[in-house]
Every structure is written in structure tokens, then in C-alpha cells.
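**Q** Residue numbers (the working numbering), protein chains in the order written: chain A, 2 to 414; chain X, 12 to 281; chain W, 83 to 166.
Because the hints were derived from the structure by calculation, they are not lab data. Fair warning: there could be bad hints in the mix.
Derived pair list, reagent style DSS-like, types lysine-lysine, alpha-carbon separation capped at 30 Å [as the list claims (entries may be wrong)]: (1) Lys364/A <-> Lys296/A; (2) Lys295/A <-> Lys364/A; (3) Lys106/A <-> Lys274/X; (4) Lys284/A <-> Lys245/A; (5) Lys135/W <-> Lys230/A; (6) Lys295/A <-> Lys151/X; (7) Lys364/A <-> Lys284/A; (8) Lys151/X <-> Lys245/A; (9) Lys151/X <-> Lys110/A; (10) Lys274/X <-> Lys76/A; (11) Lys88/W <-> Lys135/W; (12) Lys99/W <-> Lys230/A; (13) Lys251/X <-> Lys150/X; (14) Lys274/X <-> Lys245/A; (15) Lys274/X <-> Lys150/X; (16) Lys364/A <-> Lys230/A; (17) Lys150/X <-> Lys110/A; (18) Lys110/A <-> Lys245/A; (19) Lys284/A <-> Lys151/X; (20) Lys296/A <-> Lys274/X; (21) Lys295/A <-> Lys150/X; (22) Lys296/A <-> Lys245/A; (23) Lys284/A <-> Lys251/X; (24) Lys274/X <-> Lys109/A; (25) Lys109/A <-> Lys150/X.
To spell it out: a stretch of chain W is covered by chain X in this simulated footprint if at least three of its residues, at any positions, have a beta carbon under 8 Å from a beta carbon of chain X; those stretches are [said to hold, decoys possible]: (26) 100 to 107; (27) 131 to 142.
One-sided and incomplete, this derived list gives chain A residues near chain X with beta-carbon spacing under 8 Å [as the list claims (entries may be wrong)]: (28) Thr48; (29) Phe145; (30) Phe401.
From the three backbone atoms N, C-alpha and C, an ideal C-beta is built for every residue, glycine too.
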Amino acid sequence: MNISEGSVAISGLGCISAAGRDVEEHLQTFVERSIVPAPVPGRLFETSLPYPVFAVGPDPLSPWSRALLENLQPKISLIELSRTSLLVLDAALQAIRSAGLNLDKLQKKRVGICLGTTVGCAFNDEEYYRTWRRGGRPCAAPIFRYLGGNIASVLQAILCLRGPVGVITNACASGTDAIGVAKNWLNTDRCDLVIAGGADALSRIAYNGFASLMLADPDACRPFDQSRKGLNLGEGAGIMVLAKIRQDDRPALGWVHGYGTAADAWHPTAPHPDGRGLQAAIKKAVADCGGGIKKEQVSLINAHGTGTPTNDLAETTAVAAVFSQDSLPPLVSTKGFTGHTLGAAGGLEAIFTLLALAAGESKGSFRCGNPDPTFPYQPMSQGVQVALNGKIGISESLAFGGSNSCLVLEAAS
Amino acid sequence: MSDNVFIQSIQVAGWPLVGGLPQQMQNALRRADDFIRLAVFVGARAIESVPLANIGPAEIGIFLGTTTGPLETNFRFLDTLFDDGEGRCSPTLFSHSVHNAAAGYLARLLNVQGQTLTMTSFGWPFLSALCEARAALVKKEVKVALVLGVEEESPVLIFDEGGGLEAARACRKGAVAWLLVDEQTAEISAVARLLDVLLEEHPCDPGFFFNRAGELVAPGITENCSQYPSALQAAVVLSKKVEDCSLGGESELAWGVEAPCGKASIFIDF
Amino acid sequence: MDDLKKRLKEIFVEDLKVQGVTPDEIDDNAPLFGDGLGLDSLDAVELVVLIQKHFNVQIANMDEGREAFASINSLAAYIREHLK
Chain A
2 MNISEGSVAI SGLGCISAAG RDVEEHLQTF VERSIVPAPV PGRLFETSLP
52 YPVFAVGPDP LSPWSRALLE NLQPKISLIE LSRTSLLVLD AALQAIRSAG
102 LNLDKLQKKR VGICLGTTVG CAFNDEEYYR TWRRGGRPCA APIFRYLGGN
152 IASVLQAILC LRGPVGVITN ACASGTDAIG VAKNWLNTDR CDLVIAGGAD
202 ALSRIAYNGF ASLMLADPDA CRPFDQSRKG LNLGEGAGIM VLAKIRQDDR
252 PALGWVHGYG TAADAWHPTA PHPDGRGLQA AIKKAVADCG GGIKKEQVSL
302 INAHGTGTPT NDLAETTAVA AVFSQDSLPP LVSTKGFTGH TLGAAGGLEA
352 IFTLLALAAG ESKGSFRCGN PDPTFPYQPM SQGVQVALNG KIGISESLAF
402 GGSNSCLVLE AAS
Chain X
12 MSDNVFIQSI QVAGWPLVGG LPQQMQNALR RADDFIRLAV FVGARAIESV
62 PLANIGPAEI GIFLGTTTGP LETNFRFLDT LFDDGEGRCS PTLFSHSVHN
112 AAAGYLARLL NVQGQTLTMT SFGWPFLSAL CEARAALVKK EVKVALVLGV
162 EEESPVLIFD EGGGLEAARA CRKGAVAWLL VDEQTAEISA VARLLDVLLE
212 EHPCDPGFFF NRAGELVAPG ITENCSQYPS ALQAAVVLSK KVEDCSLGGE
262 SELAWGVEAP CGKASIFIDF
Chain W
83 MDDLKKRLKE IFVEDLKVQG VTPDEIDDNA PLFGDGLGLD SLDAVELVVL
133 IQKHFNVQIA NMDEGREAFA SINSLAAYIR EHLK
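Let the hints inform the model, and build the full structure from the sequences given.
**A** What follows is the structure in C-alpha cells.
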């Protein structure tokens, strides 16, 4: 344990993505290593484009979550909720259960909600807009669904919680930033617990956007591989229950020790070629651990690793610049299992980092057969099994707009 | 070191922008939408108020709050999707429709390399951003924090009482920027000291966010703020009130806003 | 001046919003990216969409694009070659 003044405890985890409906299913997928992306399911949206995606099943809510929610008789009808909100709800309920909490207990505490998303806060009702554009009078219901659909407010309303709420919209780094901001809330006593993480559902808009940016791979994505052609989009939610560290608490699953974030100040969509902002973010995240942790103690880096040519190059360049050649932590991308889940990625991957650290081993970047030899830092290729030499790791996120954010996490022994 | 946080500058702008954007930024802004132009306009003016010679780019942060983000750009992207079809929609519009596009532009144009945080909520996103910015200064994460509220209304989302489209109402745009600095960086010209920001939000009927009827601010100002987007009006009133009190030689200000979505209190002294 | 090149230059000014030049002032052989017109990677993908929209010519990937996007001359030649 390397607890410092700013460390916060991770007391519960919840995740949902194409790779699984809960933590156990994700662990199984990571072992089996057979998941592949599929054409966009027609129930989500129709498309003529060839890019496969990592989709969650038709109902984001598990039967257990659905039963629990129906029992709560929330004021907001579940039918009214966006797919992103349903993903949030399912992962949040898992995390609350995993923290050994029930809603009665939660409602007596000051519980913050800090979530990252991209699609989850956009007004993207195509039918409404199509009608409006034709000069028609569309039904106003989608507007009210949008105005009532802020994912943090929805969670607050359904679970009847009180405490600070925030939705971070830092594009693809949002989930990581939400956990970092949540840590700050606990450090400054704005609340006792925070439900923090990220969520995003697949959308036709983002799908077409990434296709037009020529960042989507028509085959399964191959992060860090020499033959990589781009990313596959995915959907999901990764949520943690974070708490202040207290002596009398039940043992934590792990800790968030540090958060660092920095801007590239470079370009709307392209990362700085040297990963300038990412280098600064890694250093700041380690410094945020209050001197208790040195970068030499980092035994795993969960990369953003989207599989786009520029991201993977900038990211390995930044990591090579920060870590000396004699202390190279294994660098792994998990996006081959989930696709790029945008605002959810930071939440999901903080959890994946913690799970790998807890297991004490990493099996390399899925579908990276031949790491690109031009990288200044060689990520772990598929099938290489490495025993990790410690319990401390870093989760990285990069985003449009040049945001770079990192978390330093530790798994309990 | 002290935890004092000072308000160095306050900028408020409606649309169209009066005075325009700096000439040297024109090329970098060639793709920028109105939302970005608003943010850059108030942001650049706010940051000019303090000499940054001794401040590193990594010691400056940006905290931007918005209710809907660049909605019009979102719809322009949909236009290209509907009109030109899949595979032919504009990647530029897509990349500019993300809510943090404006913060990204500000970071690039003002060479800000510290924390950049964009927050989206329907309540008081400027105050949410203000709260995080103040915390970042107290934590010594940054020495200078540019805090923005940027709003644009869209004709697509405006309805009349009967639930039909309200064509008459003009769509408003506006932005507010505050430059917060730590004690070491504060100039003698600082407007005020920001003592605390307390924000308490809770769920409410989404109908409130439609026209924000019943939002109460106190103390208010005599100036009419109806040219600003309704979601920005509380931030505009607060900004103008702080400026008024500063000019009027007041010693302190306790300002509050209350609505079905919660309440907020801001404590300032001069 | 040939119509295709004229049209392309208009696209650079109107759609890509290149600043400080009129279509007539763009040199047929000047580099479009980097130091030339100062275009970047986002303009490149926008240009792919614009070429497809205006001429129904598809640039499948950036390896093809890089060659075509060298100058107005090379882009016009690429479009002529691939016009359906």
C-alpha cells in the first residue's frame, strides 16, 4: 500500500461492454481471447458502411438491474431513458453492489456522481431533426427527453441520491477525467462517496464521424500492430465507487493515487506527434501521488491504444520519453476486446488496469501480432504472458481537442 | 502559500461579437464555428488582463461549462449526413461538434498546456466549471484558470406554448469568461477575491430547462439581460454584479441563484 | 484556365476556407499541405469527402491521397484518371 494524503479507495466496480456484462464476464473474455467485432446490429441503426463495432446486447440492463430498478419505482420511466443512461445504470448498480452497499445506506450519505460521456449528452434524435428540417412540426417529446437526460442527473434522480453531480465532456478522455475529478471531490470533502466513470452508447452520428475522419478499420482493430488501420467503435460503461480512506472501512479493492491531465495545445483531432500533453499528464499523475510513488514502481500501463496510426505512434513516443530504458513497464491496449467506447473508455480501462494488477499478470495487446517496429517503445504483443512486478499501474486516455489524462491506480494485494 | 483565489478579469459577450477576433487568429479559426469563436473571443480578452511572462503554459488551465455544447454544428453535421449520405459527411463538422472542441481551440491559440475540463449540465454549467477551477487553484494544479460559460440556442429546439415551433424567437448566443489567478499571480487590478462557490443541484422537471421560468437570482442588476441565452443569464448577472460591486467600492458580495434544479451561492470580497 | 482546376481552387477557398488567397492566386504546382496552402490532416480527410461529393471520385485511403494531394495539378490528374 502506498497511501498518500490524496489517495482514495476503490470500493466497488461495475462494467458492461461487448466483452461482458459484468467484471467476471470481462475476465473470462480476456482469457478466451476470441471476441470479434460484428456488423452494426440493425436494432441500433442501419448503415451501408463496412466498419464493424463492439455492441452490447439489446437490453443494457441485466435482469438483476431491471428487477431492482422496477422495485424502486423511479419517477423517470425506464422506457424514456437513453441507451447511454441504461448503460450507466447497469454499471453503477453493479459497482454499488460490489462495494457492499445498498441504496438505503447510500441515501443517507453524501454521494457524488461524476461521469464522462460524449454521445450521451448530444441531441441526436435524427427523426425529430429530419421532420424539423422539412418544415414540419415534430413531436416535442425528444426535446424533453434530452433536457431530462443528463446522465448524472438521471442516476441521481433514480437512486434518490444527494451530493455533487458532474458530467465531463472531454471527448475520449472523459471517463478518466471523471474519475480524477471525483478524486478531487473526495479530497476536498465535497462528499463521502462518488459514483464515477464513463459511459457511451453506439450512435450513427459518431459512427459516421469516425468513418469520415478515416479513422475506422473495416476489419477487427489491431492496436499497436504494424498492420493497424484504425479503430472499431464500441459501447459500454465502466463505473467505480470511490470513497475516502478510513481505518474502519472494509478492505478496498484498490486505490486511485494520482490524476494528471494536460493539453497538447496542438490540433483539433491529431495528437501532438511527440505526445507532448500525454508526457506531461503521466508526470503529473505520478507527482499527484504525493511523492509516495516513483515512476519506477509502475508495473503496467494500460494504453489508450485505439489502433489508429497516429494515436499509437504518439502514445508510444510519449511513454518512451517519460520512462527510462531500464524501467519499461509493459504497455498494453485492451481496445481489441471492447473497441473504442469513447466516453466509457477511461472508466472501463481504469477497471481493466486494476483487474490486471490484481491478477498480477498481463497477456499482451489482443490482436497485436507484430508490434510496429517504428515505435520508440515496444508495446506487449498478443500472447506474451508477463508476470507484473508490482500492484501499481497507469491508465491513459487521449482525446480530440488535445486532452490527455492519466490515473495512477493500485490493486489491493 | 495561501489558498486565496482572485478574479483578475471578467468578460461578457453576446452575438454578434463586438470588435471581432484578433487578426493573427483568423487562419487558425478558419474552420471554427460560432461556439468556438465566442469562447475564443471572451477567453483571449480575459487572459490578456494578466502578464503571463512568468507563467508556464502547463500552469494555466481551462474550465468550460455549457448546457448543450455546439448544437448548431451538431445539426450541420446531420445535414451533411442527410444530404450527402454515409461516407460523405463532413469530418470537420463532426470533430467540431464535440463539446470540448472550444477548449481545444483555446488551448492551442492561447498556448494553454495545463488541465482542460469541459463540463455539460443543464443547471449552471458555468458555476460547475467555476467550482472546479477554484479547486484546481487551491490544489496548486494551476496558477491561472480561464473559466468559461458558452451557450448557443438552436432554432431546432425552440417551441411555443402550444408545443409547436416558435419561429419568432431569435436564437441567442453568448459567453462569459472569468480569469482566476492565485495570490502570487494576481495583479493589483484584480476585480475581487473569490471566497467560495457552493453548488447544490438536484433532479427537476425537464420542462424547467426549456425556458428556465422561475430562476431567481439575488442580488440582481438593473440591466436587461434578455439578449443573452436563457441558460447563460444567471452567469451574466453574476458577472455584471461583481463588476458593479467592484466599481462601486463594495466590500463584499454574497450572490445566490435558486431554481427547481437546485441552488448556488457565490461569496466574494473586494 | 481549365475548368476542373478552377473548380478545385474554388473548393479550397469556399469549402476548406483557405485564408488570404483568392482561387486565381493558387498556383497549379504549389504544395497544398504543410508550407504551401498550410492545410493539415483534418483538411485532408475533408478533401476526400469533398472530392467524392463534387466529382464522385473516391480516394480509398491516405496512401492514395498523399500523392493526389501534392498540388492542384496532381489532384486534377487524379480526378481525370478516376472519373466514372
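**Q** Now tell me if each hint is right for this structure.
**A** Hints, verified against the model:
Among the hinted pairs, Lys364/A with Lys296/A is consistent with the structure: their alpha-carbon atoms are about 22 Å apart, no more than 30 Å. Distance check on the hinted pair: Lys295/A and Lys364/A sit about 24 Å apart at the alpha-carbon level, within 30 Å; holds. Proposed proximity of Lys106/A and Lys274/X is supported: the alpha carbons are some 25 Å apart, at most 30 Å. This hinted pair checks out: Lys284/A and Lys245/A have alpha carbons roughly 24 Å apart, not beyond 30 Å.
Between Lys135/W and Lys230/A the alpha-carbon distance is near 24 Å, which keeps this suggested pair within the 30 Å criterion. Restraint check: the Cα-Cα separation between Lys295/A and Lys151/X comes to about 20 Å, which is no more than 30 Å; the hinted pair holds. For the suggested pair Lys364/A and Lys284/A, the alpha carbons sit about 26 Å apart, so the restraint of at most 30 Å is met. Of the supplied pair hints, the one linking Lys151/X and Lys245/A holds, its CA atoms being roughly 21 Å apart against a limit of 30 Å.
The hinted pair formed by Lys151/X and Lys110/A meets the criterion: a straight-line CA distance of about 29 Å does not exceed 30 Å. Simply put, Lys274/X and Lys76/A have alpha-carbon atoms about 21 Å apart, close enough for the 30 Å limit, and the pair holds. A hinted pair counts as satisfied when its Cα atoms are at most 30 Å apart, and Lys88/W with Lys135/W qualifies at roughly 17 Å. Only pairs whose Cα atoms come within 30 Å are accepted, and Lys99/W paired with Lys230/A is accepted, the gap being roughly 29 Å.
For the proposed pair Lys251/X and Lys150/X, the alpha carbon gap of about 28 Å is at most 30 Å, so the pair holds. Simply put, Lys274/X and Lys245/A have alpha-carbon atoms about 26 Å apart, close enough for the 30 Å limit, and the pair holds. Distance check on the hinted pair: Lys274/X and Lys150/X sit about 25 Å apart at the alpha-carbon level, within 30 Å; holds. In summary, the hint linking Lys364/A to Lys230/A is supported, as the alpha carbons are separated by about 22 Å, within the 30 Å threshold.
The straight-line distance between the Cα atoms of Lys150/X and Lys110/A is roughly 25 Å, inside the 30 Å bound, and the hint therefore holds. Between Lys110/A and Lys245/A, the direct Cα distance comes to roughly 12 Å. Compliance with the 30 Å bound is thereby established for this hinted pair. Simply put, Lys284/A and Lys151/X have alpha-carbon atoms about 15 Å apart, close enough for the 30 Å limit, and the pair holds. Pair hint Lys296/A plus Lys274/X does not hold up; C-alpha atoms about 43 Å apart against a cutoff of 30 Å.
Using a Cα cut-off of 30 Å, the hinted pair Lys295/A and Lys150/X holds, with the two alpha carbons roughly 21 Å apart. At most 30 Å may separate the alpha-carbon atoms for a hinted pair to count; Lys296/A and Lys245/A meet this at roughly 24 Å. At most 30 Å may separate the alpha-carbon atoms for a hinted pair to count; Lys284/A and Lys251/X exceed this at roughly 39 Å. Straight-line distance between C-alpha atoms of Lys274/X and Lys109/A comes to about 20 Å, which keeps the hinted pair within the 30 Å bound.
With a C-alpha separation of about 29 Å, the suggested pair Lys109/A and Lys150/X falls inside the 30 Å cut-off, and the hint holds. Look at the region 100 to 107 of chain W against chain X: 3 of its residues bring a Cβ nearer than 8 Å to a Cβ of that chain, three or more, so the hint holds. With 3 residues having a Cβ less than 8 Å from any Cβ of chain X, the region 131 to 142 of chain W passes the three-residue criterion, so the hint holds. Annotation: interface hint on Thr48/A holds; nearest CB of chain X at approximately 6 Å, less than 8 Å.
Restraint check, Phe145/A versus chain X: the minimum CB separation of about 5 Å is within 8 Å; hint holds. The beta carbon of Phe401/A is positioned within 8 Å of a beta carbon in chain X (closest approach about 5 Å), and the interface hint is therefore held.
Hint violations for this structure: numbers 20 and 23, all remaining hints satisfied.
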